[in-house]
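2 protein chains.
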Amino acid sequence: MSNPLFNVHFTAEGACVGKLRNEVTLTALEPFTVTRMLATDEGKFQGGDDTAPTPLEFFLTGLVGCLMTQVRVFARRLKVEVDDVKVLCRARWEAHPDDIGPYQGSPVGFEIDVDVTSAADPDRVAELVSAARRGCFVEQTLTRANAIEHTLKINGTAWQEDK
Amino acid sequence: MSNPLFNVHFTAEGACVGKLRNEVTLTALEPFTVTRMLATDEGKFQGGDDTAPTPLEFFLTGLVGCLMTQVRVFARRLKVEVDDVKVLCRARWEAHPDDIGPYQGSPVGFEIDVDVTSAADPDRVAELVSAARRGCFVEQTLTRANAIEHTLKINGTAWQEDK
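Chain order of the listed sequences is X and P.
For what it's worth, our numbering labels the leading residue of the first sequence as 1417, then goes sequentially.
For what it's worth, our numbering labels the leading residue of the second sequence as 1417, then goes sequentially.
Be a bit skeptical, because a hint or two may be false.
The list treats identical chains as interchangeable, and a pair is accepted whether it falls inside one copy or across any two copies.
[Unchecked claim] Simulated pairs of lysine to any residue, SDA-like, Cα-Cα distance not exceeding 20 Å:
(1) K1495 / P1538
(2) K1502 / D1539
(3) K1502 / E1565
(4) K1495 / T1559
(5) K1435 / V1489
(6) K1502 / S1534
(7) K1569 / D1539
(8) K1569 / C1432
(9) K1569 / E1510
(10) K1435 / V1498
The hints are simulated quantities; they were obtained by calculation from the structure and are not laboratory data.
Next comes chain X alone, as it looks inside the complex (with noise of 0.2 Å):
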């Protein structure tokens, strides 16, 4: 593959605090660099105190709003003037049985309605949308099956998984 343009890498390093609550704290090392903490909590369905919004809110504001942003920005590389965008995602997932655990999650699917107001010819704002498409890096993640490495401390020691 093509030597990269740039490069984004971020970390995220999550606290408990509270019965459910979790204080995420994001890095961004590259492009730019950023330090911020964000809070996800569980309503009463859960068991949390529901001080905050729960991680798939969070997870799919990701979605939409790298979209939306994607949209805006190639708008003004490739010259076609947006009036607006309005995105509307519904997700859903399943809860399965596991042999250990109370439920697996499995993914159904993402359906993404864009719309798009714009005097530019309608070609060229498909062909912006489209390309946003390729250029949102949360999409493009949930497109394939990602590569996700594990490693698992229990009380300061390292855990070796059998896998």
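For this one, chain X is given, so just place chain P on it according to the hints.
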């Protein structure tokens, strides 16, 4: 596949506000109901006003928060006493050249370090963390190539994409 134990269904509706700020209204329909707004923005690097965290911060908060929540919820269900959980996630993407847009987003990989403090049998703690990974809706979404169905409207008229 077996009938699901329960369904998870969310919608996320994004509206453009300001230069690159997006206001995303999240609605959980199943298995609990809630509606809430979360805003994303970009810093000066991308041409935003920096009024809110960036989309990738939301995305990673969803990933880390979901996994941590499942560890704590499943710990109760599996009766494994857990005193503390810390998670560190490193996430990398690359931007590669695109024929039309300024770049394509491409995920490189995710590394997730889980650090559990517990007086329980380490085998059971490891089993708990594995079950939590299988139960984590976000991690399970990232490990597979998901179907994403798109529709596009331009000025209110449905656009038929050539595929």
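Hints, one by one, checked against the model:
With identical chains, the CA atoms of K1495 and P1538 are at most 20 Å apart within one copy only, with a shortest distance of 13 Å there and 58 Å across copies. Taking identical chains as interchangeable, the C-alpha atoms of K1502 and D1539 lie at most 20 Å apart only when both belong to the same chain, with a minimum of 18 Å there against 48 Å between chains. Taking CA atoms no more than 20 Å apart as the test, K1502 paired with E1565 passes between copies only; the shortest distance there is 16 Å, against 35 Å inside one copy. For the homomeric pair K1495 and T1559, neither the shortest alpha-carbon distance inside one copy (27 Å) nor that between copies (36 Å) is at most 20 Å.
Within a single copy, K1435 and V1489 get their C-alpha atoms only as close as 40 Å, which misses the 20 Å cut-off; across copies the closest is 10 Å, which meets it. Proximity of K1502 to S1534 under the C-alpha cut-off of 20 Å is restricted to the intra-copy arrangement: shortest distance 12 Å within a copy versus 46 Å between copies. Proximity of K1569 and D1539 under a CA criterion of 20 Å is satisfied inter-copy only: 12 Å between copies versus 53 Å inside one chain copy. In this assembly of identical chains, K1569 and C1432 lie within 20 Å of each other by CA distance solely inside one copy; the values are 16 Å within and 43 Å between copies.
With identical chains, the CA atoms of K1569 and E1510 are never at most 20 Å apart, being 29 Å at best within one copy and 29 Å at best between copies. For the homomeric pair K1435 and V1498, the shortest alpha-carbon distance between copies (12 Å) is at most 20 Å, but the shortest distance inside one copy (45 Å) is not.
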